[in-house]
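Could you fit the two chains together into a complex? Lean on the hints.
Residue numbers (this note's numbering), protein chains in the order written: chain A, 1 to 332; chain B, 1 to 310.
Keep in mind the hints are simulated off the structure, nothing from the lab. One should not assume that every hint holds.
As the list claims (entries may be wrong) - For each label pair, taking beta carbons as the anchor points, the in silico distance ranges come out as: (1) A:318 / B:168: 43 to 49 Å; (2) A:223 / B:19: 21 to 27 Å; (3) A:191 / B:155: 54 to 60 Å; (4) A:194 / B:36: 16 to 22 Å; (5) A:188 / B:154: 54 to 60 Å; (6) A:77 / B:155: 18 to 24 Å; (7) B:76 / A:109: 52 to 58 Å; (8) B:212 / A:169: 41 to 47 Å.
Unchecked claim - Covered stretches of chain A, as calculated for chain B (at least 3 residues, CB under 8 Å): (9) 61-70; (10) 261-272; (11) 302-309.
No residue lacks a Cβ here, since even glycine has one placed at the ideal position from N, Cα and C.
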Amino acid sequence: MTDLARRSSITEEPAEGLSEDWHPTAGGGSKEMAPDRRSEDADRSLVSIAERRQAGIKWGLRLTFGLLLAGLVIVGLGPLLWLGKASISTTQDTLRAPFAFWPSGVDWQNLVTAWTEAEISRYFMNTVWLAIGAWLVQIFVATTGGYVLAVLKPRYAGLLYGLVLATLFVPVVVLLVPLFLTVLDVPGLGISLLNSYWGIWLPAGASAFNVILMKRFFDNLPGEILEAARVDGAGPFRMLWSVVLPMSRPILGVVSVFAILAAWRDFLWPLLVLLDPAIQPLSVRLPLIRDTVELDVFLASLLVSTTIPILLFLGFQRLFLRGPGLAGAIKG
Amino acid sequence: MTATRAQARWSRPRSVRSWVKRGGLSALVLVLPLVLVFGVFSWFPIVRAAVMSFQTTNLISDPVWVGLHNFQRVFADPLLLTAIRNTVYFTLLALVFGYPIPLILAACMNELRRAKGFYSVLAYLPVVVPPVATILLWRIFYDAGPNGAFNTILSWFGLGPWPWIQSQASAMPSLVLVATWSAAGATVIIYLAAMTSIRGELYDAADVDGASIPQKIWNVMLPQLRYVLLVTLILQLIGTFQVFMEPFLLTNGGPANSTLTVLLLIYRYAFGSGGTGDFGAATALSLMLAAFLALLSWIYLRATRSWSET
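Bound-form chain B, shown alone (with noise of 0.2 Å):
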C-alpha cells in the first residue's frame, strides 16, 4: 500500500518530465498562438453573441438580464418586415440576374481550344477589384442626369435619362446590377472547373446515340453538374442574405429605405447614429439571420457531402 503510494509519488514527477521529453510543452507552446487568438477573437465573442441577445448593454454599467426583450423589440420594429421584404427582393433579384450568367458564360468558355485562360482572366477580374472602389466607381456610373455614363449609353437607344439609384423603383436592381457584376467571375471558375472534369466518355457515348447539342446539355451537362448548381446556388443565397456594403455605400438603405436591408438595419442598431448602440436588438437579430442560414449552410453541407461521393 505505502509502496504504490510511494511508486504513484515518483511517478508524476516522471510522467511530466517525459511529457516534457516527448515534445508535450513544445507543443502546447506552439499551439497557443491559435489557442489565444481563437479563444479572444472567435471562441469568446460567438458565446458572447448568445449571452447578449438576452442582455441590455451600454458600456458603461454592468449588462442586465432582459429575457426575451431584445427579441420582442426586434420584432416589433415595423422596419423589420421591410428590411426583410428588401433582402429578399435583393435575393430573387441576384438570382434571376445572376444565377444563369456564370453558368452560360463557363459553358461557352469550356468549348474554348485556345486563349481559354485569357477569357478567364477577363472574366474574373472584377472579381479583384476591391468592393468599394467597385461600388463608388458605380455610383458615378449610376448619375442620375443625362450626362451619367449609363444615361449617355441609353441615350445611344433613344433611351433614359433613368433614375438609377435615386428612384425606390430601380434602386434595388442597380444595387444587384452591381453586385452581380463583381461576384460572376468567381462564379464561372467554379463551374469551368466542373465542367471540364466531367468525363469525356459521357459526350462520347451521347454522340454514339446521336444527341444533339442542346441534348447533350439538357441530358449530359446539367446532370453532371447537378450538385456544383446547387451549392453555388446555397452560397449565393447565403452572401445575398448578408447584403450590406452595396445598400450602405451607395443609397444607405434609401430612397425611402426602399434598400434598407437586414444587415443594414443590424448595423444601424448597433453603430448607427443614434447615439447610444442598442447592441441587444443587434445581436438578436444578427443571431436570427444566423440560424436562418445555418439551415442554408447544413443543406449546403449535406449536397457537397453527396456531391463528393459521386
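Here chain A stands alone, though its shape is the one from the complex (with noise of 0.2 Å):
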C-alpha cells in the first residue's frame, strides 16, 4: 500500500508543484519556458468569477467556508486539544466530565510524572534512536544506490534497477514472517538481530522507494557539471561527496523527513523484533504501559509521542502538502 501510494509520484510524471523547485536546474526561468496552460485568470475553480458576484452564491460559499472550518477543527483538531487539555487535568476530572474546562485547575505534574516515572524519557530516546539509525541506513543505501544507477550506469543497472522497482510489487504483508525469520538467523553471518536495532535499522533500508527517487533526481543532475568534475580529475567517490550530493539538498530533505517520520510510526516490527521492554520505542511501550499507570499520566504519555511527528509536519508543510503522491506515502 505505502510503496504503491509512492510509486504514481516516482514512475509518472512528477508532481507540478514539485518538479519546480526540485530539479536542480530549473531556476527561475522554467515559468517561462512552460508553456502556459493556465486560463487568463490564473487562480480560477469550478465556481467563475460572475458567479462569485451573486448573492446567493457569495453566501454560499461563505457558509460552506465557514462550515468546512468549523468542521475541520472539531474533528480534526478537537482530538488533538482533547489530548492536549486531558493531558494536563486530573485523572477525576478526565473520566467524570471529559469536555469541562479544567474543574480542578491545571495539572502540569502529569507530564513531569510520564516523563521521569512512567520512564517516558527513555522510550522517547529509544524512538529517537531508532529514528536516526534508520535514517542514516536509508540516507546511505538510496544515495550510494541511486548514484550508482543513475551516474555511474555500469552495464548490470538496468537489471538491478529492475529487481528494486519489483520489491514495489510486494505487499509487506508478504514479508512479515520470512523477514522475521531472516532477522531471527542472519543468512551467511548465523548471528540473530531480535533485540537489536539493526534488526530494524537495515530492513529499513530496503526501501525501493528512496532508492528510486534519488536515481530520479541524480537522473536530472546536469551532465556538463558532472563531465567537468570527470574532466578534472574527481574519481567515483569524490564525484559523489563533493559533486553530487551537495547538489542534491532538497531530495535528501524529503528523503529524510519521510524516514524519520516512518520511523516513528513504526509498530507491528519494532513489537516482533525489539522483545527486550528497556530498548522498545514509544509504540510498543505505549499500549502496554495503558494498563499500568493512572489515566492522567498514559494521557500525557500519548501527547509526548506525538510531538516530533507533528513538529516535523508543521516544519516541513511544504513536503507533505505540495506533492500529491508524497501525500499518500505515509498513508497506512
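Shown next as C-alpha cells:
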C-alpha cells in the first residue's frame, strides 16, 4: 500500500509543484519556458468570478467555508486539543466530565510523572535512536545505490533497477514472517538481530521508494557539471561526495523527513524484533503501559509521542502538502 | 593461432585493469550496500515466502516439504471465512465513510481564495499523528460508560450511551471511524492537487455554455478526476484489505471475533499466543492475500498509465 502510493509520484510525471523547485537545473526560468496552460484568470476554479458576485452563491460559499473550518477544527484538531487538555488535567476530571475546562485546575505534574516515573524519557530516546539509525541507513543505501544506477550506470544497472522496482509490487504482509525469520538468523552470518536495533535499521534500508526517488533526482542533474568534474579528475567517490551530494539537498531533505517519520510511526516490526522492554520505542510501549499507569499520566505519554511527528509536519509542511504522491506515502 | 591465444591471455588482465580504471570497481563497491540490504532483507525473504508456504518450520529441526498442506489447513480453518467476511465488511464500510468525504472536502477547499494552506494543514494534521497514539486515544473516546467522551457528546443530543467497540454490531463501524479519521487528510491533498491541475479553459467553456455549478461538477470536474478517483479507490482498497493495527489495538479481534481481519489471522498464526508459531500457514495465507492485492495493483497500474497519457 505504502509503496504503491508512493509510486504514483515516482515513476509517473513528477507532481507539478515538485518539479519546479526540486530540479536543480530549473531556476526561476522554468516558469517562462513552460507553456502556460492556465486561462487568463490563473486562479479560477469551478465557481466562476461572475458567479461569486451573485448574492446567493457568495453567501453560500461563505457558509460552506465557515462550516468547513468549523468541521476541520472540531473533527481534525478537536481530538488533539482534547488530548492536550486531558494530559494536564487530573484523571478524575477526565473521567467525570471529559469536556469541562479544568474543573480542578491545571495539573502539569502529569507530564513530569510520565517523563520520569513512567519512563517515557527512555522510550522517547529509544524512538529517537531508532529513527536516527533508520534514517542514516536509508540515506546511505539510497544515495550510493541511486548514484550507481543514475550516474555511473554499469552494465548491470538496468537489471538491478528492475529488481528494486519489483519489490514495490510485493505487499508488506508477504514479508512479515520470512523477514522475521531472516532477522532471527541472518543468512551467511549466523547471527540473530533479535533485540538489536540493526534488526530495524537494516530492513528499513531496503526501501525501493528511496532508491527510486534518489535515482530520478540524480538522473536530472546537469550532465555538463558531472562531465566537468570528471575531466578535472574527480573519481567516482569524490564526485559523489563533492559534486552530487551538495546538489541534492532537496531530495535528501525529502527522504530524511519521511524516513524519520516512518520510523516514528512503525509499530508491528519493532513489536516483533525488540522484545526487551528496555530498548522498545514509544509505539510498542504505549499499548503496554496503558494498564500500568494512571489515565492522566497515560494521556500525557500519548501527547509526548505525538510531538515530534507534528513538529516535523508543521516545519516541513510543503513536503507533505505539495506532492500528491508523497502525501499518500505515509498513509497506511 | 598461438599468437591470438597469447593475445587473449594478455588482453584479460588489461581489460580488468581498464574496467577498474573506468570506475567499474568503484561502482561495484558503491552498489554493495544496496545489493546487500535488498538481497538479505527484501529479495531473499520474498523468495523465502514462496518456499515457506510449502513447508512446515518450527525453527529447531529442518523444514519439511508438505506440498499444499498449509493451504489446505488455512482453508479448513473456520476462522478464515470469518476473517474474510470481516475484512470485506471493513473495506465496504471504509468505502462508504471514507471515500466521498475527502472528495467533498477537497472540492470545497479548492474554491478557497485565501488561507487554503491553513485549511490543508488542518485537514492533514490527523494523518501525521502516529497511528498507535491515534488508536489509543480513540480507545479512550470509545469508553462505553455514560461519561465516555463520545457518549457525553451523544447525551447532548439525547442519544446513547452506545457500547462502541464493546458490542459485535458497533465494533467494526467504530474501527472504520478511527481509520477514516487518520487517513482522509492524505486523500484530500491528492484530490486538491488533481483539482488545481484541471485546466481553467474547461470551466470557462462550461460558463460560456451557461452551465450551473452542479452541471460543472458533474460534467467537468468529475470526468477530469476520473483516473485520480480510480487510483485513490484502489489505493484505499489495498490499504483496507491489510487492516491490522485498529483491530489489534482496539478490540484484538473481539468481541466474539467480530473484528478478526485477515492480517490479524496471519499474525495469530505466526506470532499468536498458541505456543509455536505456524509459519507455514501464515505465509500461505499472506501469499493468497498478496495475490489478491497484486490483482488490484495491476488495475492500479493500468489506470495510472492511462492517467499519465491524458
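Hints, verified against the model:
1. A:318 / B:168: 43 to 49 Å: Holds, at about 45 Å.
2. A:223 / B:19: 21 to 27 Å: With a Cβ separation near 23 Å, residue 223 of chain A and residue 19 of chain B satisfy 21 to 27 Å, so the hint holds.
3. A:191 / B:155: 54 to 60 Å: At roughly 58 Å between Cβ atoms, residue 155 of chain B and residue 191 of chain A fall inside 54 to 60 Å, so the hint holds.
4. A:194 / B:36: 16 to 22 Å: Given a distance of about 20 Å, which is inside 16 to 22 Å, the answer is holds.
5. A:188 / B:154: 54 to 60 Å: 59 Å, holds
6. A:77 / B:155: 18 to 24 Å: 23 Å, holds
7. B:76 / A:109: 52 to 58 Å: 55 Å, holds
8. B:212 / A:169: 41 to 47 Å: Because 44 Å falls inside the window, the suggested range holds.
9. 61-70: holds (count 5)
10. 261-272: Holds: 6 residues of the segment 261-272 of chain A have a Cβ under 8 Å from chain B.
11. 302-309: holds (count 4)
Comparing the model with each earlier hint shows no violations; every hint is respected.
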